[in-house]
Amino acid sequence: DAKTTQPPSMDCAEGRAANLPCNHSTISGNEYVYWYRQIHSQGPQYIIHGLKNNETNEMASLIITEDRKSSTLILPHATLRDTAVYYCIVRVAMDNAGNMLTFGGGTRLMVKP
Amino acid sequence: DGGITQSPKYLFRKEGQNVTLSCEQNLNHDAMYWYRQDPGQGLRLIYYSQIVNDFQKGDIAEGYSVSREKKESFPLTVTSAQKNPTAFYLCASSPAGYSYEQYFGPGTRLTVT
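Each protein sequence line maps, in turn, to chains A and B.
Quick note, the first sequence lines up with residues 1 to 113 if you use the working numbering.
Quick note, the second sequence lines up with residues 1001 to 1113 if you use the working numbering.
Among the hints, a few may not be true.
[To be verified] If the Cβ cut is set under 10 Å, some of the chain B residues that face chain A in the computed set are:
1. Thr1077
2. Cys1091
3. Gln1102
4. Tyr1103
[Stated by the list, open to error] DEER-style ranges, computed between Cβ atoms:
5. A/Gly15 to B/Ser1080: 27 to 37 Å
6. B/Asn1026 to A/Ile39: 42 to 52 Å
7. A/Thr65 to B/Ser1080: 21 to 31 Å
8. A/Asn53 to B/Ser1022: 22 to 32 Å
9. B/Asn1018 to A/Thr65: 35 to 45 Å
Bear in mind the hints are in silico, worked out from the structure with no lab data behind them.
All values reported here derive from a predicted model rather than from experimental measurement.
We put the beta carbon where it would ideally sit given N, CA and C, even for glycine.
When you get a sec, could you build the whole thing from the sequences and use the hints?
Structure (structure tokens):
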């Protein structure tokens, strides 16, 4: 599995866009980029995933560079409820060995009023 | 509303007692998972199941047991053989077989004294 690198923490003003970067320079061709977040004392929440094209859903947008060595998760209008630890992971889409979600350090996003 | 429910949210037990944690989903997902999370740590996979009446051990299955008699339900029993059962237990499901696009329940915090 490709290793990911994220900044340990970021601040964002409420209502502004939060741009969370992730480096994954060793990503292989069949590996997807997944983003999760975990709010304190709650279960992780799936946000979005992509292979090489940019993706958007009701929660966020995912921008993947052309060489796929890095990506950015964009929360377009951050709210206080978006304060959480955000995890970027790189995995193949599916395998029959059982998919264990292992989160690294992640980025602690603090949205401030 | 579709989702995953876990009950109870907090559970207290005496050492030596077996305890069963409930996990129900109405998302029509095939695969279900149980994870354990210790304070400040990532997730560790206990058991996973792709179809009814079939399940596989994850990395830390010792001292735990599961059943999958219905697609919607995947209860986890923490037995007295589990050496350090106090933890936050998370159930998840995924829509298309084994996948890293997993949707989590709110978790059960088990304390054994």
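For each hint, the structure was consulted:
{"no.": "1", "hint": "Thr1077", "in the structure": "violated, 19 Å"}
{"no.": "2", "hint": "Cys1091", "in the structure": "holds, 8 Å"}
{"no.": "3", "hint": "Gln1102", "in the structure": "holds, 6 Å"}
{"no.": "4", "hint": "Tyr1103", "in the structure": "holds, 6 Å"}
{"no.": "5", "hint": "A/Gly15 to B/Ser1080: 27 to 37 Å", "in the structure": "violated, 52 Å"}
{"no.": "6", "hint": "B/Asn1026 to A/Ile39: 42 to 52 Å", "in the structure": "violated, 23 Å"}
{"no.": "7", "hint": "A/Thr65 to B/Ser1080: 21 to 31 Å", "in the structure": "violated, 51 Å"}
{"no.": "8", "hint": "A/Asn53 to B/Ser1022: 22 to 32 Å", "in the structure": "violated, 39 Å"}
{"no.": "9", "hint": "B/Asn1018 to A/Thr65: 35 to 45 Å", "in the structure": "violated, 50 Å"}
The earlier numbered hints that this structure contradicts are 1, 5, 6, 7, 8, 9.
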